[in-house]
Structure formats: structure tokens, C-alpha cells
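With the hints in hand, could you dock these two chains into one complex?
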Amino acid sequence: MNFSDFGIDSASLAGSLETRLAAARHSGFSQVMISATDIVGHPENTDAAVKAIRESGLRVTGLEALRDFEGLTGKMHDYKIDVAKSMLDLCSRIGGRLLLTEASASVHADIDADKIARDLRKLALLALPMGIRIAFKGLSWSRTVKNFAAAAEIVSLANCPNLGLAIDAFDVIAAGVPMGDLDVIFPQQIFLVQLSDFMLQEIQSTEEQNATAAHFRVFPGEGAHSEQIAKFILKLEEIGYFGDYSFDVYNSDYLQMPSGVIADRARRAADWLGESVLRRTLPVPNMERLRRAKSV
Amino acid sequence: MSSVTDRESILELQNPIGMDGIEFIEFTTSRPQALGGVLERMGFRPIARHRSREVELYRQGGMNIVINSQAADIPRTVVPIERPIISALAIRVRDADAAFSRALDLGAWEIPARAQALELNIPGIHGVGESLIYFIDRYDEFSIFDIDFRAIPGVDPNPPAIEGLNFFGIVQYVGVERTDDWSEFYSQIFGFTPIPDEVRFGIMPRGLLLRSPCRKFYLQLIEPEGAAQYAPMEEHLQRIGFGTPDVIAASAELEKRGIEFLATDKVRTTERGALTKAILGGVMFELVHAEPDSSDRSVSQS
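As you go down the protein sequences, you meet chains A and B in turn. Its first residue numbered 1, the first sequence is counted upward by one per residue in my numbering. Its first residue numbered 1, the second sequence is counted upward by one per residue in my numbering.
Source of the hints: derived by calculation from the structure; they are not laboratory data. The beta carbon of each residue, even a glycine, is placed where N, CA and C say it ideally should be. Careful: at least some of the hints might be erroneous.
Claimed, not checked - Pair ranges (Cβ atoms, derived):
{"no.": "1", "chain 1": "B", "residue 1": "Ala72", "chain 2": "A", "residue 2": "Pro43", "range": "24 to 34 Å"}
{"no.": "2", "chain 1": "B", "residue 1": "Glu110", "chain 2": "A", "residue 2": "Ser276", "range": "44 to 54 Å"}
{"no.": "3", "chain 1": "A", "residue 1": "Ser276", "chain 2": "B", "residue 2": "Met284", "range": "28 to 38 Å"}
{"no.": "4", "chain 1": "A", "residue 1": "Phe186", "chain 2": "B", "residue 2": "Arg49", "range": "53 to 63 Å"}
Next comes chain B alone, as it looks inside the complex (with noise of 0.2 Å):
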């Protein structure tokens, strides 16, 4: 009985939240349409609109994005400009409620509640920069977006993945030398864990590498490098990391669809990952090599 109890106790310490990846990502824009049409190139379709805000839903496999271009309502939120923004990032969870207070008792910064009649209460706290981070446990038999959102009429509400596509990752940039300092408000409050430098995913290993507690997902915190640390630069979500088995196979039908992707010295598409060119004013996303349902990603490749 007590090799039970340890073995629970370990895996209490090394997921203390519970996670269970990534329920969604919201980008924040003053266009959304702009920001739609991109998505759909990359696979995703529009499959719902939240019933009281300018929220729009897009998904593509197990992936939501969601576009939200309503006014700002919370100080220290991202206010919608052109340029679409990462704004929020949640999380799933075991317990959202204990998530969270756990969370408040370490030393985040809560998001004051804003729920309106029929709309769910997500808690929430501050994370980078304006960004955002929600504690989500309701996506297993019903989701958030079951209650909150309308669907698309004759929309098919689970649209395939491209090659598989899924989310990987998130870059994150941050200050000089605050890379220590991420790395504990990560480890800190979710459970995530550095990984060793010489395992890398895709072709932009820079950075240092957070790996989620359920080992589904990835924080990558990129510092400025040369003159670029002395240009002022608000730390922020930079791009989103989809994984899939067969980065040539996905980067091709991406192409077909009009996606352009780098192809410098320095940066071109290989079987390890590739990277979109930055368009609408920064926006760009990374494919990376990762094998499908591999519940630890971290030994597929170094």
C-alpha cells in the first residue's frame, strides 16, 4: 500500500494542478476577419460565436483558437489594435477552482470575474506582459464552448487536422535575463519543468525549453540577443508551435493553401520543423516534428 501512496504523492508533485493541455489560445485583434482568413489557410475553420461578445471560434483537430476583437474591459488586458496579439492561453485542468486559488496563494495576479447571465466564470490570472492564462475543467463530455458559444449553422463542428497538426508550444520572449524568473512563475504555478539544453523540437532552438507537468506542451523563453537587448521590447506570447508527424507532408499542403513559409540560410523548412513568414505585422507560427500521442515528447529527438 505505501508504494501506492508514494507513487501518487510523486505524481501529485510533478502535475500539483493537474493539467491536461491546452483548451484553447486567443489571439486579440481590432480584425478579426484578417486574422480568420490566416487561420483558415493553416486548417482551421469557424465553428462558433460566443453569445454576448465579439468572440469567434476556430478549431482544427483537438485544436481551438479563438479571436476576440471586444473592447477591453480588464486593466492590463490586451486592447484589440490590427495587429493581432496572443492574449490568452488556457489551461486544463483538473480542478479550475483549485487551480486557481493555488495559483493566488503562491503570489498571481487574479482577473476581476466578468461573467454575464448565461456565461461561464473562467477563472484567470495575469500572465506575460497583457496576456492572460485561464483554468479550464470542463472539456471532457461538455466544453466551455458548449455553453458560452452559438455554433455555425450547418458548420462541421470537429474539422481534421492538417497532417495532424496540434498544439505544440509557445514561444515566449522575455526580458535580459529574466529567463530564471519565467522559469519559476512557470514551474512555480503550473508545474512546469526546464528541460536539458541539448533536447530541442524543430529548428529554432534558441531559448530555454519549459516542459508542461502532463508533458503535452511546451513554453520556449527566447532572450534578446545582440543590439536587440537594447531596444525596448515588451515581453510577450510570441508564436504558437503546432506539432505534427510529417513536417514536409504539412508544410507542403500549408503552401498549397497559401501559407508561405521561410527559406533562408538560416531558416528553412526541413523534416525537423519550419516556420511561417510573419504576416498581418508579426504573426507567424512554427511547424515542429513530433510523433502523435507520444506522451513524452521529450525523448523523441535531442
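With the rest of the complex left out, here is chain A (with noise of 0.2 Å):
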């Protein structure tokens, strides 16, 4: 089993952010997913928040989220690329070697695939001298990039080597997205892979999907779709992922539950994961991971 492939995500825990990454270092967890409001909102100061991390033992998985950077011009292009910087130096300051940005839903945005592209060029080029790769993801109610399908096409009209993919299981799930669609992917293209699943048999409707992705998702092997799930990391496996996994559980229930309960529910979907699905091959000892294979 290589438990160190899957990350916790701090949305997903209450309390202080202390309390969070004490819990999820608690629960054996070696990597954590960092909202930006985690950091500024520190009742301290953001550099008390940068050192909670820095010192917690934790990996950063990633900085969550850039949203609505893409597809903009004038001013708020400009107010956007500050935005961005601004993440990008957190990103950097907590040692987070990613950040992920969600496809924009504004309906300011261009639609305009090479004008998309070349901003999310922009955002990677920023990005780089830090060593920050930027994931790319579509979401469902955004105008241009609704999947991982699409947003595949914009990362390789972008072609920046520091641009990849961020594929969140639930989006496919939900959307009923047949598992062959990731035979297009370039594994290499794929820079994380969040794992979640919910209660709901099937949903119905964008806005059905959007309370639940926002507010009612569960763990790996909690939900509903365990066996889809087994299915997407295996075909992820298959087509040569090799990097992490982090669980993007939004669920209100779970901020009025204690902190450690919920580390330790993420910990029995990494064991169940690991264990029982993934099995991957065991790292060489102090190598962080195994590191990708150099071409396809």
C-alpha cells in the first residue's frame, strides 16, 4: 500500500487550522490540500498561518482555488493577474508546488478557446520561477469548460509544460461520463486527481449536482458509487497516473463533527483505496514518490 499518494483536504475538516492539521497528521495523513482562506482568515496573521503549516509535518497537495481567472480583458484581466500573484506567493510561502484553478463561470468571460488558453499560459508562466504547477479544472457550471475532457483541449492549445489537469472523480460520476473518455488523456497531463463521492443514487439536475458537490460529498467507499470509484482510479492507474490523490469532501454534516472523527473516516478511504483497489508499488525509501515515468 502507498498511503502517502492520498492527501486529506482541509475543506473538509472544522476547527482551527491548527486543529485541522493536527488532526490530519493524527490520522496518519503525510500530505494536506490548503484552502487560501485557511491562510488569510488565521485569527492571527498570515504568517502565523504560513508557519502552522510550514511546521505541521504535512506536505501541501496543492493551494486551492483560482477561480474566474480566464477569458477576461482591461482592467479585470489586470485585477485577476493580481489575484493570481497574490495566491501564487501563498502557494509558495506555505511550499505548496501547486495550485489548482477552476475553469471560470463568469459570464464576463471570452469564450474564445485560444484566448482562454493563452491566459492559463500566462497564470503558468507566472507560476513557474516559483516551481508551481497550475491544475486546470473544468467545471460543470462553467460556460466554456465543463470537464476534464474539455479542459484537456485547453492545456494542450496552452501547451506549457507547467500546465496540467486537475480530474475530480465526483464531476465524472455525477455526470455519468463514460471511463474510456480518459483514454485521451495524457497521463503526464494530469497533475491531481480528487477523489470524492456522495449518498444520491443518481442527480438529476445542475443545480442538484451543485448543492451536492458543494455541500453533501462523502469519502471514498462511503457514498454510493464505491464501485465507480474503484473503476476510475484503476483506469487512472492503467493509463499511467502516477501522481496524488486528494479528497475534496465538502459536506456540511462533517463541519459539525469533531475534527479527528472526520481525519479518521479520510484515513479509512485511504486504507480502502490503497489496500483493496490500488495496491500500488512500494516507494524506495526517502523518495517522496515514485517519480513519473519520463515519456510516453
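Shown next as C-alpha cells:
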């Protein structure tokens, strides 16, 4: 089992940043996804939040999330560049190497694929000197980039080595995307895979999907789609994905439960995936993880 | 007429900012005299001082090196410590403002302007680590040094180069799997292009070589190997390479002046190149065989 491939998302846990980091660590996680609000919302100050993360002993899976970035012009574009720079700076300060960027849902955003690709390429170049990778994620409520296949097209068009994809299992399962669609994705284009399940057997409308996505996700193995999740990550392994998995479980109920209890549930999900589903090769001691194959 | 237009547009593509070599390379250190002594042994002469900052200009032939010991006043730049660090690279371009705005449009980080009275505002961007990259378009009839610097009295402002030494390139240490990223950065913003692995210069062949669009300068990107992959390392500009038509004569002259070269089984002086021993906590220089004024150095060796 290679448990260290799985990370918890601080947004799944209630309490102060320090409490949540400690809960993640106590449950045995070695990596954690951090929200920008965790850092800037720290009651003391940003420096204290940065220090807490750096001293937690946890690796930062990535920082989330830059939203509604691409497709803007003029002053709105300049404004978003400033926001992006600020997030990249935060990401760098906490030792993060990945910024999750969600496809724009703004009605003001240009829908021209070339413009979107150009903006993302600019974002990737801003992130490049800091060693940060941009993981671009389709959103079902985006006007232009609704899923990973559309995101992959934009990423290919932009063609920048530190620009890749974040794929969310929830989106794939909720929208009933055939697993075969993953065959067209180059594994080295995938920078992050997010995993979560949900209780509903089926999602009827976009509104229902949005509500479920924002409040009613559960950990893999806890919901109604364990089999699909297992198939999903086995498919990713098959095409050669070797990166991190992060549990993006946003659940309003979990935020009313002690963080330690929730982190333990996350741990059970990781154990199930690692021991029963994935069975990845053990890494060489002292290596963070196995390195990707040079090329395919 | 159309063929002329095509040729020009191709040139434009190949050299988008009209790069024309290197105006200066900057070291930062809190002990400028110690590094100055090393540079003098390498054949440089101190010729001018900055009017208001603790910055000194050394020259040899067509090469300018500045030593900066001024306390850092911009975030994410080198703070002077004893060990000298290559802290900036100034690139000659056709139009500095145009090259600068083009870089910002592409996604470079600008450095805040800091010009004071009588000082030029040199546009610049953040490079690797804490280093900066400046764009300079005043280098023909008069230079930035004519304005911002005061000549040291009685000193020849144009000391000749030992054995035709000139800036050949800079070696940059990059992180694991970071070669593609940095190659993209230099290609996009400056128009550098990777050259084939078979083409190599000098005696230190590792990594990826990028050639400047003006074909006068190289960047060599080197990833850590073996155990070094797991050691914490900041990416940085590691050393300057000097080109010379006669490596043996140049190294002999430099040895006479007190510079020591590595002589191990793996690394030793040959006609192709030479590497100095590290001094002052890590400063080293490389000599590389290169014909003078060769407009295309890629064809000179394999």
C-alpha cells in the first residue's frame, strides 16, 4: 500500500487551522490540500498560518482555488492577474507546488478557446519560476470548460509544461462520463486527481449537482458509488497516472463533527483505496514518491 | 518584395526582442573586495563605481561584471552575504521597454522601479531563485555605465581581454524535472532555443543547452543527479562560462595570475575547456573553446 499518495483536504475538517492540521497528521496523513482562506483567515495573521503549515510536518498537496481567472480583458484581466500573483505568493510561502485553478463560470469571460489558453499559459508562466504547477479543472457550471475532456483540450492548446489538469471523480461520476474518455488524456497532463463520493444514487439536475458538490460529498467507500470510484482510479492507473489523490470532500455535516473523527474517516477511505483497490508499488525509502516515467 | 517580408518576419520570430548579447552580469556579496580580487586574477579591472549605490563595475574586453554589495531593497532578491551569488543578468535588446512589456504580457514578474535622481530606470523581471533579468537598449554609443557610474580616475576604461575571453554562457541549476519548465521560460520570454544533445561545448556536458536568439550566449540547465536529487536545493545561477579560442593558453595565463583549475580524472583542462576550483564558498568559472566573433557557435563543435 502506498498510503502517502492520498491527501486530505482541510476544507473537510472543522476547527482552527492548527486543529485541522493536527487531526490530519494524527490520522496518519502526510499531505494536505490547503484553501487560501485557511491562510488569510487565520485569527492571528498570515505569517502565523504559514508557520503552522510549514511546521505541521505535512506536505502541501496544493493550494485551492483560483477562480474565474481566464477569459477577461482590460482592467478585469489585470485585477485577476494581481489575485493570481497573490495566490502564487501564498502557495510558495507554504511550500506548495500546485495551484488548483477552476474553469471560469463568469458571464464576463470570453469563450474563445485561444484567449482562454493564452490566459492560462500566462498564469503558468507566472507560476513557473516559483516551481508551482497549475492544475486546471473543468466545472460543470462553467460556460466553456465543463469537464476534464474540455479542460484537456485547453491545456493542450496552451502547451506549457507546468500547466496540467485536475480531475475530480465527483464530476466524472455525477455526470456519468464514460471511463473510456480518460483514454485520450496523456497521464503526464494530469497533475492532481480529487476523489469524493456522494450518497444520492443519481443526480437529476445541474442545481442538484451543485448542491451535492458543495455540501453533500462523502469519502470514497462511504457513498453510493464505490464501484465507480474503484473503476475510476484503476483506469487512471492503467493510463499511467502516478500523482497525488486528494479527498475533496465538502460536507456541511462533517463541519459539525470533531475534526479527528472526520480525519479518521478519511483514513479509512485511504486504506480501502490503497490496500484493496490500488495496490501501488511501494516507493523506495526516502523518496517522496515514485517519479513519473520520462515520456510515453 | 514578399520574400523580403518573409525573411524579416522569420527573423522576428527567431529573435522576438532583438536580443544582442549580454550587457553585464551581476554578483551580490557582502565582501566585494574579496570577489573583486578574484575577478582581477581572472583578468578583469575595476573601472567605475555607481554614483549612489554600493556597486562597482569590472571590465575585461567586451565583458562587464558588476559587484553589488548594497542591502537588498526589493523583495525576492539576493540579500548580500559573504558567499558571492550571481544575482542578475542584463540582456541587450533592441527596445528595452518593448521587451519588458512583452515579458509582462507573457507572465513575467516585474520588479518595482527604483530609479533615483541621475539614475536610469532599467526595466527588469524576476528570474530563477532570487535573481533578476534586466533589459538594456543603451549599449552602442553610450551605455548605462556612462550615466549611472563614475569612472575610477586614471584607469583604462577598456582593459583588453586575456586570450579573447568573452561571455559564453551561464550554468543554471534547476530542480528535479524542472528542465522543461525553464526551457519554456527562456524560450517564451527571450526566444532561446534548445540545441540538440549531440552539440556540446567545453568539458561539462550535462543538462540541456539553450542558445540565445542572437546566437551569442548559452544557458545550460542542469538537474540534480543521484543522491543530490533528495537534498534540499534552491534553483540558482551557478557559474559563468567564458569563451576563448585558446583554452590552454588562457588557463595557463590565468594560472600564472593565481587562478587554480580542477585537475581530476573526470574534470581537467583540455583544449575543449577548463573549470576553476571553487573559491569564496562556491564561486567558479568555466572556460569553453569558442572561435571569436563566430555568429553561430553551434557549428563549431560536436
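Checked hints:
1. B:Ala72 with A:Pro43: 24 to 34 Å: Distance hint for Ala72 (chain B), Pro43 (chain A) holds at roughly 31 Å.
2. B:Glu110 with A:Ser276: 44 to 54 Å: holds (51 Å)
3. A:Ser276 with B:Met284: 28 to 38 Å: violated (53 Å)
4. A:Phe186 with B:Arg49: 53 to 63 Å: holds (54 Å)
Checked against the numbered hints given earlier, this structure breaks only hint 3.
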